[in-house]
Every structure is written in C-alpha cells, then in structure tokens.
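Trainee: One letter stands for each residue in the lines below.
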Amino acid sequence: MPDPSTAEAAPPRYIEALNRALTDAMEADGAVTLMGVDIGAGGGAYGVTRGLYERFGAGRVLDTPIAEAGVLGAAVGAAMAGLRPVAEIMYVDFITVCLDPIVNQAAKLRYMTGGGVRVPIVFRTQSGAGRSGGAQHSQSLEGLLAHIPGLDVYCPADGRDAYDLTRAAIDADHPVCLIENRRLYGKRHPGWERDPLPPGKARVVRDGDDVTVVTWGRMVHETLDAVAAMEGGASVEVIDLRTLVPLDVETVRASVARTGRCLVVHEAVEQFGPGGEIVAQIAEHALFDLDGPVRRYGALASPVPYSPGLEAAMLPGSDGIAAAITAVLEH
Amino acid sequence: MPDPSTAEAAPPRYIEALNRALTDAMEADGAVTLMGVDIGAGGGAYGVTRGLYERFGAGRVLDTPIAEAGVLGAAVGAAMAGLRPVAEIMYVDFITVCLDPIVNQAAKLRYMTGGGVRVPIVFRTQSGAGRSGGAQHSQSLEGLLAHIPGLDVYCPADGRDAYDLTRAAIDADHPVCLIENRRLYGKRHPGWERDPLPPGKARVVRDGDDVTVVTWGRMVHETLDAVAAMEGGASVEVIDLRTLVPLDVETVRASVARTGRCLVVHEAVEQFGPGGEIVAQIAEHALFDLDGPVRRYGALASPVPYSPGLEAAMLPGSDGIAAAITAVLEH
Amino acid sequence: MGADSSEGPAVADAGAPSRPGVVDPPGAPVHARPGDLERLLGRYGTMARIRAFEEAVGRRFRDGDIHGFVHTSIGQEAAATGACAALRDGDYLTTTHRGHGHCLAKGADATAMMAELFGRETGTCRGRGGSMHLAQADLGILGANGIVGAGIPIAVGAALAARSAGAGAVAVAFFGEGAVHSGAFHEGIGLSVAWQVPVIFACENNHYAEFTPSEGSWNGPSLVDRAASYGMTAISVDGNDVFAVEDAMSELVAAARAGEGPAFVELRTYRMGGHYEGDATPYRADDEVERWRSADPLARARAALEPLGALDRADALDAAAAAEIEAAVDEALAAPYPDPASVLENIRA
Amino acid sequence: MGADSSEGPAVADAGAPSRPGVVDPPGAPVHARPGDLERLLGRYGTMARIRAFEEAVGRRFRDGDIHGFVHTSIGQEAAATGACAALRDGDYLTTTHRGHGHCLAKGADATAMMAELFGRETGTCRGRGGSMHLAQADLGILGANGIVGAGIPIAVGAALAARSAGAGAVAVAFFGEGAVHSGAFHEGIGLSVAWQVPVIFACENNHYAEFTPSEGSWNGPSLVDRAASYGMTAISVDGNDVFAVEDAMSELVAAARAGEGPAFVELRTYRMGGHYEGDATPYRADDEVERWRSADPLARARAALEPLGALDRADALDAAAAAEIEAAVDEALAAPYPDPASVLENIRA
Ligand SMILES: Cc1ncc(C[n+]2csc(CCOP(=O)(O)OP(=O)(O)O)c2C)c(N)n1
Ligand SMILES: Cc1ncc(C[n+]2csc(CCOP(=O)(O)OP(=O)(O)O)c2C)c(N)n1
Ligand SMILES: [Mg+2]
Ligand SMILES: [Mg+2]
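Residue numbers (the working numbering), protein chains in the order written: chain W, 1 to 331; chain L, 1 to 331; chain A, 1 to 349; chain U, 1 to 349.
Treat the hints with care, as some may be off.
[Stated by the list, open to error] Chain A is faced by these chain U residues, among others (derived, beta-carbon under 8 Å): (1) 61; (2) 183; (3) 184; (4) 187; (5) 190; (6) 194; (7) 214; (8) 221; (9) 226; (10) 229; (11) 230.
In case anyone wonders, no lab produced these hints; they're calculated from the structure.
All residues carry an ideal CB built from backbone N, CA and C; glycine is no exception.
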C-alpha cells in the first residue's frame with residue numbers, strides 16, 4: 001500500500017493520512033458514504049474530511065443536523081441496504097447520545113439475523129484529553145465499546161496506522177469503531193514506509209528484555225518519551241496494540257514470556273477500564289511467566305477536570321509512566 | 001433495620017423487598033419521586049412499583065412516555081433542584097437510548113461544579129438473561145457503568161440486599177445505578193434477618209479454604225448451586241461483591257491470601273468486562289499470594305442468542321462454574 | 001416487554017385504576033367495488049394467514065414452545081396487509097416487537113418464522129433472533145426491533161441507500177404510536193425531511209403502549225399534526241379497513257418513488273390481545289375490547305365479500321391459512337435446534 | 001467544539017464554499033418609553049458587562065490564559081439580559097457551551113467566572129468545570145453544558161421540582177437553534193407538555209450551528225411552528241431588542257408561574273464572533289456580519305437612550321463594566337490554581 005508516490009520525504013501528518021484514507025476508499029468504492037455534523041462543506045470540526053465534499057459531492061458527503069442517534073441509525077439502515085457508511089461522532093464523549101444504533105443495532109444485527117445481513121459501517125470518532133476540554137470532551141471510552149461483542153475497536157497511534165486502519169475499517173463487512181486521537185492530528189510520525197499490518201496484529205514499537213509495556217493511541221508516544229528519558233538503561237519493550245478488538249494476546253504473551261514483567265498503560269480511566277482485560281489475559285494464561293506483578297497505569301477514577309494542573313494529575317503522562325515502569329521493575 | 005414486624009417467618013420475595021424499600025423511602029422522605037415508563041398506574045413491567053401510584057399519587061409516581069433520555073435528563077434537573085428522583089430504565093439494555101444523562105450529566109455534575117451541586121438520583125434498572133429475551137433484552141451492562149467515575153453501581157443478589165441497597169441508593173447524595181435481577185424477582189432468599197451491610201462491603205456468602213469465587217447478582221446463586229453439586233468436597237469460599245462501585249477489594253484480597261486461588265464469575269460478557277478489574281486488582285496487589293492462575297468465567301463474546309441451547313452455551317451457569325472451579329483448583 | 005412469568009409475579013393481576021377510554025372503533029365494511037373482488041380476496045387471504053399465525057403463536061406460547069417475549073398483532077392485520085400490498089420487491093421495511101404481520105405480508109415464510117419463534121436452526125434468523133428480531137434481508141425486511149423507535153432511523157437510512165441506488169425503491173418504517181415521543185422518532189423524521197428520502201412512516205395507532213392508553217396521557221398534538229409539523233404529507237386512515245390502508249399507502253409510496261420525499265400515515269387500529277402473550281390487560285375495560293371486536297379487520301372484509309357472494313371463497317382462504325399455519329407449526333416443531341457449538345458464528349463478517 | 005490549534009491544523013483556513021445567506025438583521029432602536037429610562041439603563045449595564053466580559057475572554061484566550069474551548073456570545077447580549085430580567089431568585093436556568101451571558105445576567109460574579117475560565121481554585125466551579133460547565137446552584141444556574149441539547153430536559157426536571165416545591169419558581173432552558181433536531185429537545189419538550197411544568201424554552205437563533213447556517217439547511221418548519229406543534233405557546237421575538245425579549249419573557253414566565261405550563265420563545269439574534277475563539281469563519285460572508293453589526297443590541301439600546309439624553313450615563317456604564325471586568329481579570333489571574341492533590345474531591349457526595 002505504501003506506493004512510491006506516497007512514500008515522500010516527510011511523512012504525512014496523521015490527519016492527512018486519515019484524509020487520504022477516506023479519499024482513497026471513496027475513490028475505490030462508490031458505496032462509501034460519509035455522514036456527520038459539519039463534515040461536509042465545513043470540512044469537519046478538525047478538518048479531517050476537508051476537501052471531500054468538494055470532491056465527491058453532497059450525495060456522498062452528507063452534512064447532518066445535530067441528531068447523532070438518528071444519523072447513526074440511518075447509517076445502520078444504509079449499511080444493510082448496500083452503502084458503506086462512515087458516520088462521524090465528533091467526540092467519543094458524544095456516544096452517550098447515540099449508543100443504541102452502535103450497541104443494540106449495528107453490533108448485533110448480523111448475529112441476530114443468523115448471518116442474514118451485513119452491516120459494513122465505520123463509526124469514526126476521536127478522543128484525546130490533556131487540553132482542558134472539560135469532562136464532557138475528554139473521555140477515553142474505548143473500553144465501553146470493546147466490551148460489546150460485534151464491534152471492532154481500532155485506535156491508530158501514528159500516520160501509517162491512521163491510513164491502514166481507516167482503510168481496513170471501511171473494507172470490513174462488520175461495524176468498526178475507529179477512534180482517532182485529536183492530539184496526534186498535527187503530528188508527522190516516522191514509519192510511514194512500514195508495511196501495513198492488519199487489525200488484530202499488535203506492533204512491537206521498541207524491543208526490550210526487562211519489561212513489556214502494552215499500550216495504544218497517544219500513550220504509545222508518551223511511553224516512548226518516558227523510556228527515552230529514563231535513567232539506568234532498563235530494556236523496555238513497547239507494544240502498540242493498534243486494535244483492542246480484535247486483541248492480539250499472542251504478541252503480548254510472547255513478550256511477557258521473555259521479559260517476565262508487564263505494565264499496561266492507557267489514557268482511559270483505570271477503574272473497570274480496558275486495561276483489566278489485558279492484565280486478566282496475562283494473569284489467566286501467563287501467570288507463571290511473571291517475575292513480578294503486572295500493573296495498570298491509567299487515568300484516576302475521576303471526571304476529567306478542566307484546570308491544567310488537575311488534569312495533569314488525573315491523566316497518565318510520561319513522568320508517571322516512567323515511575324510506573326520503575327516500580328514494576330523494582331518489585 | 002430488620003425490625004420485628006418485618007422479620008416474618010417466610011422472607012419476602014426479592015421483588016417485595018424492592019417494593020418495600022421504595023415504599024419506606026417514600027414514606028421517610030417526601031422528596032423521593034419515582035418516574036418511568038408504566039411504573040405508575042400499571043405498576044411496572046414486572047410489578048416492582050405496584051401499589052405505589054395508588055399510595056403516593058401521580059405527583060410522586062410519574063408515568064412517562066417512552067422518552068428515556070428526556071426522563072433521565074429531567075431526573076437530573078429535579079435532583080439538582082431538590083427532589084430525590086428514582087428513575088426507572090425498564091431494561092438495562094435501554095441505557096443505550098439514555099446514557100447521556102447518566103454518564104455526562106449525573107455522574108459528572110458534582111465534580112464539574114467543584115462540589116457546587118448534589119445529584120441524589122437512583123437509576124433503577126434490571127438485567128437477567130437466560131430466558132430467551134433476545135440480544136436487546138438480555139445484556140449485563142454493569143461493567144459500562146462501573147467504568148464511569150461518579151456512578152455507584154449496586155447489584156443486589158437477595159432480598160435483604162434488594163431492600164438495603166435500594167434504601168442506601170436512595171439515601172445517597174450521589175448518583176447510583178441500581179441493577180436488579182429479574183430472574184430473582186420471584187425468589188425468597190434466606191438471610192432476611194441479616195444485619196444490613198453498607199455499599200462497598202462485600203459479603204462472604206460461604207466460607208472456604210481452597211479457592212475464592214468472587215461474583216455478584218444471580219451468579220451468587222449459580223455459584224452456590226455449583227459448589228453444592230461438586231464432588232470431592234473442595235472447600236470453596238464464595239464472595240458476593242454486592243456493589244461494584246464502591247468495590248471491596250480488601251475482602252477479596254484477604255480471602256485470596258488464604259485460599260491462594262481465585263475465580264471471578266459474572267453474567268456479563270467476559271471480553272473487556274467487569275471481571276477484568278477484579279483480576280487486575282489481584283494481579284497488581286496480591287500476585288504473590290496466588291498458587292495458581294486467577295481466572296474469569298463470564299459470558300462468551302457474543303450477542304445473547306435467542307434459542308435456549310445457544311443461550312445456555314453463551315451464558316455462565318452452574319455446570320460451567322463447577323468446571324471452572326475445578327480447573328482453577330487443578331492448576 | 002412483559003413479565004417473566006416463570007419466575008416473577010406477572011403484572012396480570014395488578015389492580016390498575018380505571019383509565020380514560022379510547023376512541024370508538026370504526027365498524028363499516030371495507031369499501032370495495034365489484035372489480036375489486038380478486039384483490040380483496042388476496043388481501044383477505046393475507047390477513048387470514050396473519051390471524052392464523054398469531055393465534056397459533058398464542059397457543060404455542062402457552063404450551064411453552066416459544067421461549068421469549070412475544071407480542072401478537074391480532075386486530076391489526078389490515079394495517080400490515082394493506083401497507084405491504086403497496087410495496088414491491090426491492091422495497092424495505094423495518095418493524096417493531098409486534099412485527100409478525102409485517103413480515104408475513106412482505107412475503108416471509110410462515111414456517112421459517114414459526115421456526116424462528118421456536119428457536120430452531122431453520123428459522124429466518126437461524127434461531128438467533130426470535131420474535132423481536134425477525135428479519136429477512138432478501139425480502140427487504142431489515143428487522144423487527146426490541147428497542148422502541150430504533151427502526152425509524154434505520155428505515156430512513158435504507159431509503160437513503162435506495163435513493164442512491166436509483167431504482168425507485170422505498171422504505172417503510174412501521175412503529176406504534178407509543179414511539180412518537182422518542183428521540184429516535186424525532187431525529188429519524190428530521191433527517192428524512194432534511195434529506196428528502198423515499199420513506200413512509202407507518203404508525204399503527206393501536207391506542208396502547210404497554211399498559212398505558214395513548215390518548216389523553218401525554219397531551220400534545222394528534223399523531224397527524226405532529227408529523228405534519230415536520231413539513232411532510234401526513235394522513236390518518238382507518239387502519240382496520242384493508243383497502244383504505246392500501247389505497248392511502250399506494251399514493252404515498254408512489255409519491256415517494258417519484259422523489260417527493262417522506263410521508264407519514266397513521267393507521268388507526270386496535271390491539272385485541274394483551275401487550276405480550278400472558279398479559280391479562282387489567283388496565284382496560286372489557287367492553288372496550290368488545291366494541292372493537294365489531295371492527296375486526298377480517299370481519300369487515302368479509303362484510304364486503306358477502307354482497308359479492310364470495311364468503312365461501314373467504315372460508316376457503318381461512319381453511320387454507322389454518323392448514324398452512326398448522327403445517328408450519330408441525331414442520332417448525334420438528335426442526336432441529338441450532339448446534340450449541342455454533343454459538344460464536346456470525347459475530348463479525 | 002473547535003480546533004485544538006496547538007496541535008492540529010485549525011479549520012480556520014478551510015476553503016468552504018459559499019452558503020445561503022441568513023436573514024436580514026432588525027435594526028430599529030430598542031422600543032423604550034420615557035418611564036423606562038432606569039430600567040433601560042439597568043439592562044444596558046448588564047449587556048455592557050457581558051460584552052466587556054466576552055471581549056476580555058477573547059483577549060485572554062489569545063494570550064493563553066484560558067485553557068480549553070471557549071465560545072463567546074458577542075452580539076447575543078440582549079437575549080441573555082432580557083430573558084434573565086424576567087426571572088427572580090429561586091428560578092432556575094440551564095445553558096449551553098455559549099453560556100457566559102446567561103450566567104452573568106442571572107447574577108454570577110464576573111471574577112469567579114473569569115477565574116473558572118482560567119482554571120483557578122476561586123472559580124465558580126473551583127476550576128473543575130471551565131467555560132462549558134459554568135454553574136452556580138445557589139443562583140439557580142444548573143449549568144452550562146457541552147452536550148448540545150442536554151440542558152433542555154434538565155430544565156424540565158428543575159421545573160418539575162419547582163412545581164413540587166410550590167413556590168412559583170420557573171426554569172428556563174437556553175439553547176441554540178442547532179439543538180432543535182436533537183432527541184433531547186423533542187423528549188424534553190414532550191415531557192414538559194405531558195407534565196405541564198413551568199419551563200420556558202428560550203431558543204437563541206443566532207443562525208449558525210458551528211459552521212453550518214441553520215436557515216435552509218434541513219428543511220422542516222420554522223422554530224416557532226416546530227414548538228407550537230407540541231401544543232404550547234410559542235413566539236418569536238427580536239432577540240437583539242432587550243426590551244422586546246424582556247417583555248415577551250415576562251409574559252411567558254408569568255403564565256408559567258400561574259400554572260399554565262411550558263412555553264417556547266425564539267430569540268432572533270446573531271453570533272458576531274466565530275463558533276469558538278479562534279474560528280476565522282470562512283463559511284460566512286463579511287458583509288453579512290457587517291449588516292448585523294448595525295443591529296448590535298448595545299447600539300440599539302444606546303439609540304433609545306440617546307433621545308432620552310442618557311448617553312453619558314451609558315458611557316459611564318461602559319466604563320464601569322470595563323473597570324469591573326479588568327479588575328475581575330486581574331484578580332482571577334492572581335488566584336491560585338487548585339492543588340493537584342485535591343483532584344479526587346467531590347466525585348461522590
Ligand atoms: C427504548 C425502549 N423503551 C421501553 C421499551 C419497553 N416497551 C416495549 S413495547 C413498549 C410499548 C410500545 O408501544 P407502541 O409503540 O404503541 O407499540 P405497540 O406495543 O402498541 O405495538 C414499551 C414501552 C422498549 N422496548 N424500548
Ligand atoms: C451532542 C453534540 N453533538 C455535537 C456537538 C458539537 N457542537 C458543539 S456546539 C455545536 C453547534 C450548536 O449550535 P447551536 O445549538 O445553534 O448553538 P450556538 O453554538 O449557535 O450557540 C455543535 C454541533 C456537541 N457539543 N454535542
Ligand atoms: Mg401502541
Ligand atoms: Mg446557533
């Protein structure tokens with residue numbers, strides 16, 4: 001997929017990779033149809049869909065009123081009737097107003113009909129705290145979605161995956177929640193020339209022997225920063241899960257079998273959060289590989305506070321990650 | 001609280017305990033106000049609120065149209081303005097149509113206002129699969145709610161707790177999700193004469209030395225059935241968590257420190273489900289107490305199928321629990 | 001959806017106070033002209049099949065062959081039959097927890113439907129869905145739904161896809177009058193108006209939402225005024241007159257096919273049974289039910305067939321329907337349950 | 001809510017195609033009689049304070065003192081001022097992401113509000129909420145809201161509680177015209193009608209929802225027709241004429257206090273700034289903004305004050321507002337940030 005024309009000197013920004021993936025998917029298949037609030041003429045709240053309205057027209061890039069439950073329900077119907085909708089939820093926090101079409105309709109319809117329908121639909125959304133978005137614009141809710149059988153959950157951490165996972169999500173014949181990270185939109189990440197990986201395949205971002213850190217999304221970069229800044233030269237393996245569902249337990253298990261120690265890092269709240277699944281998978285299947293406790297490091301059990309100092313205290317960051325790695329190593 | 005007059009020979013049914021708790025709370029405080037679809041003149045889909053409309057009138061037992069998001073939003077406003085609403089969501093599956101008032105409003109308002117408001121509200125709902133309710137009427141979604149800071153989550157497993165946790169939920173000055181189990185409604189459980197326990201306190205339902213089973217809701221009874229039927233006389237400790245938030249990690253940890261083995265059982269889907277939190281708490285803080293892997297046993301990662309045989313294959317039941325206990329013991 | 005009678009007390013014996021009555025039933029015969037005989041017999045046959053199906057459902061439920069919640073549509077056969085008569089292959093519909101009639105009228109096979117209710121591998125959904133999730137994509141039946149209102153935006157989306165496909169197909173959303181208060185109704189209707197897609201909102205007003213009478217309970221406008229306020233054609237018809245329904249729907253469907261956008265129709269009818277099988281309906285007066293019995297959609301069709309001398313043919317259709325459904329029940333009861341090992345099939349595609 | 005300009009490309013430079021224009025502004029002076037002078041000066045003073053506050057917000061945002069998303073209400077001061085002038089202590093309101101004006105007009109302290117925007121411990125919400133979650137329960141301000149439409153049912157519930165309390169209090173839900181398509185609007189309004197509670201739905205039609213003009217985009221009825229269809233009083237007033245707003249609101253509020261149930265008012269106004277601070281508004285024509293500048297609510301109040309010979313007093317109010325807000329900014333900037341160790345306070349009560 002990285003053909004010569006896209007393997008330019010500077011890798012595209014994450015947001016450009018998303019835009020390119022949408023463009024390429026729309027070029028490749030006339031059934032791909034975008035819908036969402038301000039995604040058309042306005043180009044999207046953050047500009048992800050910029051230019052698509054002009055290129056593909058109002059019939060394939062549908063601006064909608066602020067009626068997300070209706071829009072997503074319509075996307076479900078459109079998917080069953082032959083389109084491949086990509087419906088945007090401007091912030092993942094807003095799934096609270098439109099969860100039924102995701103959870104009770106899209107996720108279940110193929111199963112409930114005994115395979116009688118396909119629901120090829122992408123729920124595009126984004127999260128990303130740390131900029132005083134306030135409690136209703138800062139949540140990381142991928143754990144809720146990952147708990148619902150029938151939904152894939154993809155969380156690209158860099159430009160390459162932004163492109164590949166968007167294409168994979170649109171190509172899939174089942175519903176996918178694609179959770180972008182808005183604090184990565186403006187970033188150019190190395191690795192654009194990488195071969196694409198499919199969903200369900202984790203990526204070892206950094207090799208190491210002493211401890212395995214399992215993470216995804218923006219926390220991949222926070223973890224790399226933490227490791228780079230750590231004294232003492234512990235050898236840290238960093239795994240980017242890329243997709244929570246499907247979950248690549250094998251790669252995690254193989255790494256932990258070597259390192260004997262594990263830390264799971266995520267931006268979501270720790271309490272009943274997605275990290276529990278990964279810890280549980282290890283505790284259930286790799287307990288005797290462990291030389292020390294497997295730990296989670298996520299956000300505190302609090303709504304996201306507005307004030308920067310409070311927010312920093314609530315969210316995981318590179319300092320905290322470094323401390324958590326050290327704690328796991330020292331145990 | 002169990003005064004002589006209520007300590008009758010046959011314990012009340014679970015549903016009667018709920019009804020009595022609502023009645024007593026409404027008698028005790030004129031601000032307690034019920035609202036929901038068909039809870040008034042109709043007495044509730046399952047009869048939990050029967051008689052309350054006649055006793056307290058239409059001003060305190062409000063029938064509503066099928067508009068759950070509006071009703072719950074109104075409950076939030078009413079709570080901030082001095083009432084103590086108990087809002088019913090007929091099935092926990094329907095939180096998908098009304099999650100915003102729960103997650104983005106009720107759960108966060110006190111925090112977001114720096115303590116400026118109190119939101120004393122109870123979201124009453126019920127779950128309980130295994131009777132071919134189909135994929136949209138059979139989910140166990142307590143894990144979603146437990147992941148949201150600001151929400152308490154109570155799951156009474158017997159009549160005593162049905163009463164006590166309902167009273168505690170209504171008395172709390174913060175939002176509580178009270179998840180009843182409809183397959184327990186008709187049951188009379190021993191232990192009605194027990195002293196009430198507060199939320200956040202787990203209950204050791206059965207003492208044992210070889211393995212700890214942590215569970216809640218209807219699975220408490222399935223576990224007891226499994227243990228009763230098990231051959232070989234393994235000594236199984238059974239803990240009913242009663243409330244997921246607050247979570248009584250201490251009782252679990254102390255038990256596991258003794259038994260060295262642990263199984264978490266829940267009716268919810270295992271994948272990214274609530275069991276992960278409990279396993280993770282043990283793996284993080286009690287790893288070296290373990291003599292074997294800590295395991296989860298929950299529902300398969302599937303929408304709940306309608307056909308009884310499929311549903312039985314998907315849900316945890318006493319046979320499966322017995323097998324899981326045996327597996328944990330044998331490891 | 002109803003009481004789990006095996007384990008909890010049913011609501012059936014609730015002593016609900018009396019409630020405001022509902023409107024009087026319309027009782028005239030179906031308005032048919034002589035040339036309509038064959039068409040009327042066709043519609044009567046469909047209604048008879050739905051009636052026979054629902055009656056069998058009631059019996060099999062009481063016998064324990066139907067495992068989950070089940071809601072029948074006895075008394076509402078003309079709405080399903082008349083509305084679906086206005087549709088053709090390629091058109092879509094969504095329906096509700098009370099959707100057996102719509103599925104049959106759109107062409108679903110009674111044996112496969114019954115097998116679905118019995119949870120069998122040969123069911124329309126291979127036993128995975130049950131009554132509340134009946135669906136058959138190749139017939140355009142995009143599903144019954146257990147979430148009130150949820151099918152409305154789904155139909156809007158199907159209509160959007162139909163418009164994109166350009167073959168003139170339409171979508172119909174069936175729903176009860178209880179759904180109009182939901183956000184899904186408002187958002188779905190709003191989108192249909194914004195996009196001007198070919199969808200018909202067919203609201204079966206059977207006067208009750210569960211145990212609550214819909215008239216007079218919530219104030220607010222009539223169903224037609226409510227829908228018209230969004231800026232679309234909105235009409236109300238006698239939903240127990242199969243021709244009245246068919247004629248009205250045919251007009252609305254033709255306009256939608258011609259690109260004139262969405263429309264709404266209220267089908268005034270009555271739910272003769274309980275909300276769910278097992279509901280003893282303490283919340284409504286017996287004489288109300290009796291009064292509506294005189295407006296039975298099948299009886300009214302027979303009243304039109306009588307002067308045409310076709311009652312014997314109607315009897316034959318009744319007999320054929322009874323035989324078909326009996327055979328369907330037998331065949332479905334003999335069908336295998338799904339293999340439990342297949343429980344994880346079809347979660348992803 | 002807007003671009004995180006520090007890290008992603010802002011939408012500001014999007015080359016959006018031209019869109020249909022919006023309605024022409026109403027430009028007449030506020031309609032005041034001589035006896036109204038003191039009242040008009042009072043209202044003018046509030047509007048001047050809101051204007052000064054919002055302008056300071058813009059400056060402080062550009063200087064980096066305001067941390068999150070922020071949406072100002074320049075051009076909409078008459079709506080907030082006139083509407084809140086009809087309220088008294090004990091009444092409730094809910095507002096939106098664009099709620100500074102409503103909070104000030106209902107009596108919130110500018111210093112505490114500014115401190116909140118700066119994330120300080122002395123803020124109305126101790127720095128936990130920020131602009132989108134401003135609240136002050138003792139003034140009946142039940143919160144700004146980051147979820148479009150969410151405040152509507154909350155106000156309905158407050159009105160329910162007010163009715164139970166029996167002291168004649170009312171609740172006002174402020175929201176933008178973009179919210180009327182949401183399920184929350186429909187369900188909230190529907191409940192208010194069902195329950196007949198004392199709530200006023202105050203819809204500020206500033207003609208844009210983010211980057212999308214609201215006129216002509218979604219078809220459907222006018223705001224007033226939409227609301228009237230639920231069976232409540234629904235009126236539209238010139239939202240840039242502070243007296244027109246106050247008079248209309250006073251009537252609706254009096255009726256609500258008297259037990260006549262909910263009502264709706266459209267306040268026609270215009271958002272002079274961008275959707276959020278930093279939005280360069282490529283989606284609208286400069287001349288449209290210029291035309292609306294002639295309808296500036298403060299200018300129109302001044303035009304009424306001029307013949308009354310009170311312009312100097314208006315100038316004094318401007319100066320006082322400027323001084324108050326400047327002091328508020330200084331005091332708020334000097335206030336401490338919350339102690340990070342307090343991050344887990346007030347999650348449960
Ligand atoms: C969102 C939601 N709320 C509540 C229910 C429970 N429920 C099932 S059917 C029903 C009444 C529906 O009434 P109506 O729409 O008139 O349809 P009818 O049953 O009369 O055909 C209710 C409240 C539900 N299934 N979904
Ligand atoms: C449920 C939801 N969907 C989308 C958004 C993003 N959003 C924030 S403000 C806004 C436009 C609101 O327009 P309007 O109601 O007219 O208010 P205005 O900004 O004009 O004051 C949108 C779409 C949101 N905050 N909540
Ligand atoms: Mg009905
Ligand atoms: Mg607006």
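Trainee: Could you tell me which of the hints above the structure violates, numbers in ascending order?
Mentor: 1, 7
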